Each structure stands twice: as structure tokens, then as C-alpha cells.
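Colleague: These are the residues of each chain, in order.
Protein chains: 6
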Amino acid sequence: MTTFQRSGRRAPDQLRPVRITRGFTIHAEGSVLIEFGGTRVLCTASVEERVPPHKRGSGEGWVTAEYGMLPRATHTRGDREAARGKQSGRTQEIQRLIGRSLRAVFDLKKLGERTITLDCDVLQADGGTRTAAITGAFVAAQDAVNKLLAGGKLAESPVTGPVAAISVGIVDGTPLLDLEYVEDVACDTDMNVVMTGAGHYVEVQGTAEGAAFTRAEMDELLRLAEKGIAELVALQAAALKAP
Amino acid sequence: MTTFQRSGRRAPDQLRPVRITRGFTIHAEGSVLIEFGGTRVLCTASVEERVPPHKRGSGEGWVTAEYGMLPRATHTRGDREAARGKQSGRTQEIQRLIGRSLRAVFDLKKLGERTITLDCDVLQADGGTRTAAITGAFVAAQDAVNKLLAGGKLAESPVTGPVAAISVGIVDGTPLLDLEYVEDVACDTDMNVVMTGAGHYVEVQGTAEGAAFTRAEMDELLRLAEKGIAELVALQAAALKAP
Amino acid sequence: MTTFQRSGRRAPDQLRPVRITRGFTIHAEGSVLIEFGGTRVLCTASVEERVPPHKRGSGEGWVTAEYGMLPRATHTRGDREAARGKQSGRTQEIQRLIGRSLRAVFDLKKLGERTITLDCDVLQADGGTRTAAITGAFVAAQDAVNKLLAGGKLAESPVTGPVAAISVGIVDGTPLLDLEYVEDVACDTDMNVVMTGAGHYVEVQGTAEGAAFTRAEMDELLRLAEKGIAELVALQAAALKAP
Amino acid sequence: MTTFQRSGRRAPDQLRPVRITRGFTIHAEGSVLIEFGGTRVLCTASVEERVPPHKRGSGEGWVTAEYGMLPRATHTRGDREAARGKQSGRTQEIQRLIGRSLRAVFDLKKLGERTITLDCDVLQADGGTRTAAITGAFVAAQDAVNKLLAGGKLAESPVTGPVAAISVGIVDGTPLLDLEYVEDVACDTDMNVVMTGAGHYVEVQGTAEGAAFTRAEMDELLRLAEKGIAELVALQAAALKAP
Amino acid sequence: MTTFQRSGRRAPDQLRPVRITRGFTIHAEGSVLIEFGGTRVLCTASVEERVPPHKRGSGEGWVTAEYGMLPRATHTRGDREAARGKQSGRTQEIQRLIGRSLRAVFDLKKLGERTITLDCDVLQADGGTRTAAITGAFVAAQDAVNKLLAGGKLAESPVTGPVAAISVGIVDGTPLLDLEYVEDVACDTDMNVVMTGAGHYVEVQGTAEGAAFTRAEMDELLRLAEKGIAELVALQAAALKAP
Amino acid sequence: MTTFQRSGRRAPDQLRPVRITRGFTIHAEGSVLIEFGGTRVLCTASVEERVPPHKRGSGEGWVTAEYGMLPRATHTRGDREAARGKQSGRTQEIQRLIGRSLRAVFDLKKLGERTITLDCDVLQADGGTRTAAITGAFVAAQDAVNKLLAGGKLAESPVTGPVAAISVGIVDGTPLLDLEYVEDVACDTDMNVVMTGAGHYVEVQGTAEGAAFTRAEMDELLRLAEKGIAELVALQAAALKAP
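Residue numbers (this note's numbering), protein chains in the order written: chain H, 1 to 243; chain P, 1001 to 1243; chain C, 2001 to 2243; chain E, 3001 to 3243; chain U, 4001 to 4243; chain S, 5001 to 5243.
Note that these hints are calculated values from the structure, not bench results. Remember, predicted model here, so these are calculated numbers, not experimental data. Be careful, since some hints might not be right.
Unchecked claim - Below, a list of computed lysine to any residue pairs in the SDA-like style, where the Cα atoms sit at most 20 Å apart:
| # | chain 1 | residue 1 | chain 2 | residue 2 |
| --- | --- | --- | --- | --- |
| 1 | P | K1241 | P | T1091 |
| 2 | C | K2086 | U | K4086 |
| 3 | C | K2110 | C | G2078 |
| 4 | H | K86 | U | A4211 |
| 5 | E | K3086 | S | P5012 |
| 6 | C | K2227 | C | H2075 |
| 7 | C | K2109 | E | G3210 |
Stated by the list, open to error - DEER-style ranges, computed between Cβ atoms:
| # | chain 1 | residue 1 | chain 2 | residue 2 | range |
| --- | --- | --- | --- | --- | --- |
| 8 | P | H1054 | U | G4008 | 53 to 61 Å |
| 9 | E | P3052 | S | D5107 | 21 to 29 Å |
| 10 | S | D5013 | E | P3052 | 40 to 48 Å |
The beta-carbon is built from N, C-alpha and C at its ideal position, and this holds for glycine as well.
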């Protein structure tokens, strides 16, 4: 079996160049531009001193996410969801995933009755926008938490550890890490994996786009994902060390 | 470690009683009431001789799904989505999952330029509505295809094999097959698995509700799911054999 | 003039077989499947310990209804109203009618500050869905009230008596009781009548679909309706006597 | 039993002063301001040379209606439906009624493939807006038809005769013709009747607001309505005779 | 250069006949029909003893406006915004302009915590609907304020002076005052000017429909507008003097 | 009168530092990040080979704009318009203004039957987002046109010249050029001016936020705007000269 040839001679188990720019915009408590190759997502963390109805009076906080894509983030212009008057099913699915992923590393009791909203807006898309969003949103959330700690609003961090995400998939029989757009379109199986820094699973979402996939294929994909996420967690830590 | 005690002395790897009633309503080309214990979903398959815009002129058909829950299918009354004016993110996520799962066993070229719509409406909910919906929708779709074959509208079946789905999860450290509502609420990890009759994966969606889960836990859950789905596929076949 | 021939040799003044199944689903305080021949409507009564804004602090309760039709309850698939994002004028008209009809036999002061919501969902349609819905909703509402009485939440029943509804119409010059779908489509005049057990009118809605109708025709239709409703009220009482 | 005292010493079977002003605005093919006492409705008839999808290619035309109420047509300001983003159930019910009523006196084949839209906008409300709207819309529609005949677009009138509407009700035991607002609020039974010039029924919609009503009461109400409509039809004819 | 010939031999700097009818409808605290030639707008002022959230507890009141156009106010029938489910961008732009213009002559502190809503509904359109609306809304608002003063609810008027508006534009090189519809369609530059009775600017909105306009042209347009507004302010005062 | 002190010792007639970055994203035919001090707007130009209905078959093209603001572009998080389900009046007003401004320098006949959509998304807001959007959108549009010319799809440029926009206002009696957020909030009069490279007006929108403004004040503001726009046009030209 010949191996699928990736752009830029990327190895099957290699991430695209990842860049994490903190403080990309000035107003948000956390603001991170994350780039996975040509995919660029602006992740902001906003802290508000109130919680949604289902948490009122509980002493607990809430972490939630919203996701959007600028109309021309993609090859051809997409509808503006605000103009169309509703968010697509895909958008809602992604923002629910980001929210669950971030809550997985938050102790909501320690957060107190406040909300952190992660806005993940795709400025440019080249595959893997949801995994970039989760990975970047964690850094933005950590910055927001650090600001709360520094301001004396929190005595103890509600963050239990890092969380990151990556896509994996099988293209022409080759399992690949971190799919870019042309690979995503061509792949038979597409899996998004969200893991904690401790190497445990938060979300696994595997979908057979073409033929159903075997257990052996799944095992290989999970192995790739684990490798990629370990690298992303290291990159998050490095980015957060900078002043 | 003590094992979680299931209602009705159900074993951890045991399905709830499954009942598949074909021809539950009279107008649809396929109409199946599927019951997983207290969960009851009416799945109808409707054949229409037209396709959505992205398939027009392609010679291919389309298979899609819509999902709904009657307001009082649950313990407390939920909003009627038609009255609220929009489908929730959860509803959209589920109907997209059902659609993808059914398309995984359809050769759209062989279907010709027509659409099969699977409407899955939950009459009574007790956990596992989406997996019951997929499992029942396959039977309704097969009935609709059989009608097209019998009517001479199709020369050859576009169905490549059965598809079924089941939920698995970890409650109090015990991996369980086919979660009912109280187990679903209590579980740390919740996974929905969709597989073909050949034992290959169509979808795997695992979510850590509480603590992140380990690879060993995932392996155990996948093993349980495989067992359950094999049983469901047998039940589908038995139901379809009846006149 | 020859008389219009009804399916199954039904006489012009004869109801279709009516079946009332209480406890059809388990969660609602009242849950009734009512069948008028091929028309099947699931009516659930939900009790909630709050009232809408216009009744708050009044000491009075509220009774209201919502109506829906599963997309494939009919010969050809209809749009799902939740997906389209709004309820049709027809749906709103029907649910307002059901609500008014039920309130006509409720003493809202005796109900106390709580709401009973009647959800009437058509599983299968063959004409007369709104009249079946009203007739079944009364039984579900009575079951819910009985549960409140048994639980000590009400000292006295707020129900002043039964209410039921039937359609009548003129097809090919013949006045008919309880129109099924093919008759409904063919009729010149269509009338829905809602009456109390005491034989008084709650609603009369007559519409000339083709030629306008005379006073003599209306009198004949009212006579048929009165007969039908008396039979329905007896069937409701019989169903409610069962344990 | 003492008789309910009406404002301005109006007799129980007396209409309010009715005024029909043709040509109230200049752009529409028919434009009528109709006044039933303090109720003032602007009815315009617009002719468009196209039909809705269900009539395309049928050779038949269509007659339809839309209804609205200016926010401050009433004692207290109501929401503007355009701002709220949807029409209420009441609005839809009324505009469907107006449309059916007008179609009852139109031969759609003779109209040809064109649409007449009746816009009925309430400038000031004092009870009976829907019956005033129907009565005025007929005059506007007739004006539009006359213009089509005069312009040679129609060889023969599609109008089969006049149609008018009135409300009747029982207040404090007294049956009354043409309810104004304070009577409408106080009434036990409220009935809207739509009749042709030939004295046949197009619509009868009776509702028990309080106690259910008897057959004798209905007969009395129908008698009052018949009298009122005969007078309205004469007023329509007189208005249409003026140049 | 020949001068553009206006209908009815109107001079370039001449207003159309303006008519202001107070008390046009009976329920609103202020109700004015204003006519600029063929343009007729019903402006009602409604007083409500509450303020929107951003003013609650501030001790200040609020003045706001809504704008609508009846579907057949224009040459060809337009969509009913309530039926379409949203207000157009044009509608929102206009109602925001009316609201700002009126607030410019209100001391919100003196108004106290109440809201005056100006509903401006176009019954017939022939150009200049927004300027007629502002000019008429002021008269309606003044009437509402006078009622509050007379009723002892206000000790002192919150109105700081009159406000009025007019359109100006350049057609075929000729600057014109108060454009009617055919002029509006033909003009290169269109400007709406809102001024106080003291001759100061509240809003200036100039738009080049065709070629961009020069400073000299703008100066000429502003001169025309100033003349027109002075006349409108005099007409408002005269109308308000009548009982 | 003391002069208002601007941040960074900016002179009253001085623009903030302006930065125009072409090619900010890769997919759009034109993609410009424009910065007016802390205000950063991403403007993309998308070319599509179709026109809206009102231009079909006309041989003419169309130029239109959409505007959005990321939820956390501002000091406190705003609602996401896509989630709320509609664009605010402010958003619609701004996008209509951008569209008109760009069309003012396009010869739609020369564009041919294609559409250029300008998407202006605010990444960070500090006053003047609409004027930055117009100024940046022109550069993006010019880049898209250049691509059409280079690709041989256009023989001749449809662009008649540059267009740019700036805000001016009066704060504490001092007329200021290019208001930043704190100045915008504090100003009495706020004016947005759009001009061509030839120094002619495309749009003038002046609003008295507090007291109405005099003709002398308007003249001074227009003078400032003219100066600022001349500088912006030079900056656009310089940016477009770079490869």
C-alpha cells in the first residue's frame, strides 16, 4: 500500500505548524489566536459575574462556548448565520462540543457564581477548526482564570488541568494526524479526539464518511491522536509560560 | 468494587427488552414502533420522488432524518419545539447522527433520484432514544425499500446491510450496556456506538460527563456495545422476516 | 337523490369505531390514545404548579392546549413545524379551539394556581383530528384531576362535566356524521361541534367549502352532531369507569 | 329579566351606524374605509397577475386576505407584530376567515390566473373588527373586479354575489346584534356569522365564553344575524352605486 | 439649464400642501394624521408608566418610535412585515431616526419614569414618509404631554421645543424641497434634514444616489431645508393652537 | 474655552495611526485588515458569478456589504447575532451604508453580471468601526477587481475612483477628527462622512446626541472630515501600490 502524500512533505503522524498568540485582542479577559497550519481561530474568554438560570443560587459557575465562522473564512463564501437568522446544526454541534470539553477541566464549584464564555471565531479555515478552537480556548480560559486569581476574585484555580483536541482520519488507507481541508474531504473515517493533559479521554467522535471502519483502524487512530494531543498540551504550556 | 444494581435485576451487559412493531401506522412506506424498555420511538420512512438541491441531476438519491420528542415523552413536560420556533442543538445533533448512520448502509446511486426521510418521534423516553431511533429507522427504511422493489421502482436493493446503535456507559465504576434514564443521569461516561451488521463502526461518540475516561474503560465499553449491537441486528432480522 | 356511500357500509348518522386507551404513556398525569376509525391522537395532560403571567396571583388556574401532527401522520409527508420554525395558522387555530373547549368545563378557581396543558399529537390522520383531540383530551384531563384529588392537592373537582366534539358535513347532498378524510375532502359544508354532557354548545364552527348552506341544512347537521356527541360522552364515561 | 342597556340607546337588534368610504386611499385597485360605530378598518384590494404555487397552471385565480391591527388601535398599546417577528394565532385565524369568506363569492375560474389580496388593517378598534373587515373587503374586492372589467381584463364578473358578516352575542341574558367592545368583553356567548346576499351561510362561529349555550339561544342569535346581514348587504349595494 | 417641472406647478422651494389632523383616532394619548401632499401618515403617541430595562430606576423616562407601512400604501403591494416575520433594514433605520429626533427635544428627566411610544404608520405613500412621520409625531407627542400636564402627572413640560423634518434633493440639476415619489426616484442626491424650532440641526442624512455631490450643492440643499422646516414648525404650532 | 485633551496627545484634527494590511486571509479575492488605532476590521471581498433577483438579466452587476462584530470585540461581551437569531437595527444600518458607499464608486454595467460582497467583521472595536470598514472595504474591493482584470474576466475596471470615510464630532465644544470610543461616548454631535477621492460627498450622516448643532459647527466638522478623508485616500493608494 502506498502512503498518501501530504502537503509540505508532512509525515502521517505530524501536526501542522501550531502557533498560539496570546493577547491577540485587548478587551477580553483571555484572547488567543490559534493557528493549526492555515486554520486560524480567534478564541476569547469573557468573564461575567452571573450564571444562567439552571445555576442560579447553586454557588457554582458555568463555562460555555459559542462558535462562528466568518463568511469568507472558506474557499467559497458561506452564508452569514446572523443574516440567515439561525445557527446551523453543525455550528451548534461544535459549540456544544467546545463547551463540554472545557467544562471537563473546570471545577465549577471553585469558579463561584460566574460564567466564562469562550467565543471561538474562525478567521480562516483549512480543516480542524473545532479542534483548534478547543485547544486555543483552553489557553484563553487559563488567561481569564489567571486574571481572576491575580485580581483576588478567586483564591484557588478552578482549572484541574489542560485539555486539547485533534482530528485524525484515514485517507486512502493511511491513518493521518491533524487533517487539513483536502484530507478532510477525501477521508473515509474522521475522528475528533479531546483529551486531558493526563492522557484521559473527554470526547471521542468518530464518523465513517465512506466505508465503516474496523476496530484495528480505530486503535491506530486513537494512538495518533494521543501523540498529537501530548504535543499540543506541551505547546499550550509553553505559550502560557510567556509573560 | 460493588456492582451498580440495575432495575429489574438486569445484568450489566444485558439489553432491555426490545420490541419492534412494523406497520404501526398506515400511511408511511415504512412505519416501525421500536421499544427499548420504557423508551418508545415511532420511526417512519417516507419515500419522495425528488432530492435536495445538492443531489439534483446527480443520478443519486438521498437519505435523511428528522427527530422530535413529544412534549410529555419525559418526566416533566418540555417545550414544544414547533411552538418555540426552533429545534434545539440537541435535536439537530441527533437527527444529523441518525441521517449519517442510515446513509452508511445505503448505496445512494442504487437508490436513484429519490429521497427517503426517516422521521423518528419519541412517544415515551427512558434513555437511549437516539440509539433506539437508529435501530428502528433501519427497519422502517428496509420496509420502504422492499416496497420500492416490489413495486418495480428499484431493480436492486440500495441497502448494503443492517445498521444498529446502542448506548454504553460507566456508572459507579461499572460499565453498563443500554443505559436507561436513571443510569444516563448518573453515569460518568456515556458512549453511543453505531455499527453495521458486519461489526464495523459507523459512529462512536463518547463523552466524559464527569471524570475523563481511560483507554481501558473505552475498550470495555466498546466490547459491551459490540455485544449489544449483534443482538439488535438479530432482532431487526427477525422482525423483518415476519410478514 | 341517491345517498353517498360511506366506507365499511357506515350509516350517515353513524360514528366510526371509537377506541379510548387510557395510560398509553407513563409519564404524564393523564395519557390517552383516542381513535376515531383511522384517526389516532395521543392526548396527554400535564400538571404544572405555575400559571401564565395573566393568571399570577389571581388564585385561579389555567387550562391550555397544544396540537401537533407527526410529519407522516398523513398520506404524503408534511413539513415538520419545528424544523420550519413556526406553527401554521391551522395548527394555532386548532390548539386554541381545544384549549377553549376544555376551559368550558373547568372551574378555574377550583383548580387553584396550577396549569393543565393538554398536548394533542396526531399519530395517524384520517379526518376529524381536532374533534378526536378534544374528546380524548377531556379524558386525559379528568385522569389528571383525579390524580390531584387522590393526592390531596385538590379538595373538590374543578371539572363541571364532560365535553366532547364531532365533525358533521354535507357530501353530495347527504348530511353525514363524523367525516373521514375522503369525505372531508369531498364535502360542501363542514361543521365542527363541541358540546357539554348536558347537551349545550361550547363551539359551533361551520364552513361552506363549496356552496353556502341553508338554515335547513344547518339544522340537520346540528341534529346529527348532537346524536354523535351523546354517544361520545357515553364512551368517555365508560372509559373512565375502567380502573 | 331586565334588558341590557346599550350605549347610545341602541336597540338589541340594531346595528351601529355603518359608514363605507370607497377610494379612501389612491394606489389600491379597491380601497374602502368601513366603520361599524367606533370600529374603523381600512380594506384594500390588490390585483396581481400571478397566483400562489398550488394554483399555477390551473387556469384559476386566488383570493386571499391579510389582517393587521395598528398597535394603538386599542385602549392600551399592543405589540407590533412585525417587531415581535410573528403574527399571533388570533391574527392568523381572522385572516384565514376573511379569505374563506371572500372566496365563497368568487368563481375562481372566471377570475383567471390572478390573485386578489384583501388587506384589512384596523385603524381603530371597538369590537367586531373581523366582521367589519369582511363586509368592507367585499366592497373593495368588487371595486377591483369592476376595474378589471372596465379595463377589459375580465369579460365576465367572477363575483357570484355579495357577502357580509356580523357578530351577535348574549350579554346578561339579552341577545344582541353587532357587539361593541364593552359588550364583547361582557358576553357569555359570542357568534360571528358570515352570509351571502341570498341569505345562505358561509361561516358560523359560535363560542361560549362563559356558560355553554342552548339551542334556543343559538336560534335567536342566528335570527338577529340574519337581520343584520340583510341590512349590511343593502348598505354595500348603496355604497357601490355611488360613482 | 432648464428647471425640472414639478407636478401641480410647484416651485422648487415650495412644500406640498401640509395637513395636520389631531385626534384622528380616539384611544391614543396623541393621534395625528399628517399629510404631505399624497403622503399620509398616522402618528399616535402612547404613554406607558414603565421604562425599558436600561432606564429602570434612573428616574428618567424614554421616548421611542416604531414605523410601519400598510402593504398597499404604495403603487404595488409590498410584503406585510408581520407576515414575513421581520422588519426590513429600511424600517428599522427609519424608526431609529424618528426615535432619536423626538428624544432631541425631550428632557427625559422631566418626563419621569414613563415611556412615550410614537407609532408612525403610513396609510398612503408618495415620498417623504419619514419626514412627515417626524413632523406629525411631534404634534402627537405634544398632545400626549399636554394630557399628562392636564392630568397632574407632570408638573412641568419635558418638551424643550418643536422638531420637524423635511427632505431635499437634486433632480436634473435642480435643488428641490420636499420630494414627492417621482422626484425621489429620479434624484441624484437625497437629503433628510431634522431641525429644532430654534433652527439647529438634529439630523442631517445626505446620500448620493447617482453622482457624488459637491459642497456647493449641499449648501443649497441645507438652505432649502431650513426654509421648509421653518414653515413646518409654524404649521405644527397652528395645529396645536386649535382646541 | 479649553480644548478637550485626546489620548496620546493627538491633535483635534489628527487621525489615529492607520494601518492597512492586504492579504490578511487567503481565500477571499480581496482581504484587508484595516486598523484605525485600536479599531480593527477585517474586510473581505468575495466575487460570485451571479446577481440578486433585481439585477438578473440586466447585464449589470451588484456590490453589497455585510457587517458584523465579534461578541468580544467590545469592552463587555455583546450577544452573538447569529445566536439571537437576528441582526440588530444598528448592524443593518451600517451594512446598508457600507454597500451604498461602495456602489458610489462602481460602474455596475462595467462589472458585468457578478456580485462583489464586502464582509466587514470587527475584531476589535474602539470607535469608528463603520468608517474603518468603508475605507478598508474599498481596498479589498480594488484587490478583487484587479484579480478579475488580471484573470481576463474584466476588460476595463468598473471602479471610478477611491472612496473613504471618517467620523467627526464635537466633544466639550471642541470639533474632533476620527473619534475613538471614549470620545464617541462623550460627544454632543457625531457625524460620519463618506467622500470620493475627488472630494465629493457620498454620504453625510450627522446626529445630535445631546444639544442640536448649529450650521457653523457643521461647517467646521465638514472641514475636518475633508482633511481626514484626503489623508485616508492617500493611505489607500499607498497600500495598493505595494505588491
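Colleague: Each of the hints needs a verdict: does it hold here or not?
Modeller: Checked hints:
no., hint, result
1, P:K1241 with P:T1091, "violated (32 Å)"
2, C:K2086 with U:K4086, "holds (13 Å)"
3, C:K2110 with C:G2078, "violated (40 Å)"
4, H:K86 with U:A4211, "violated (38 Å)"
5, E:K3086 with S:P5012, "violated (48 Å)"
6, C:K2227 with C:H2075, "violated (30 Å)"
7, C:K2109 with E:G3210, "holds (14 Å)"
8, P:H1054 with U:G4008: 53 to 61 Å, "holds (57 Å)"
9, E:P3052 with S:D5107: 21 to 29 Å, "violated (39 Å)"
10, S:D5013 with E:P3052: 40 to 48 Å, "violated (60 Å)"
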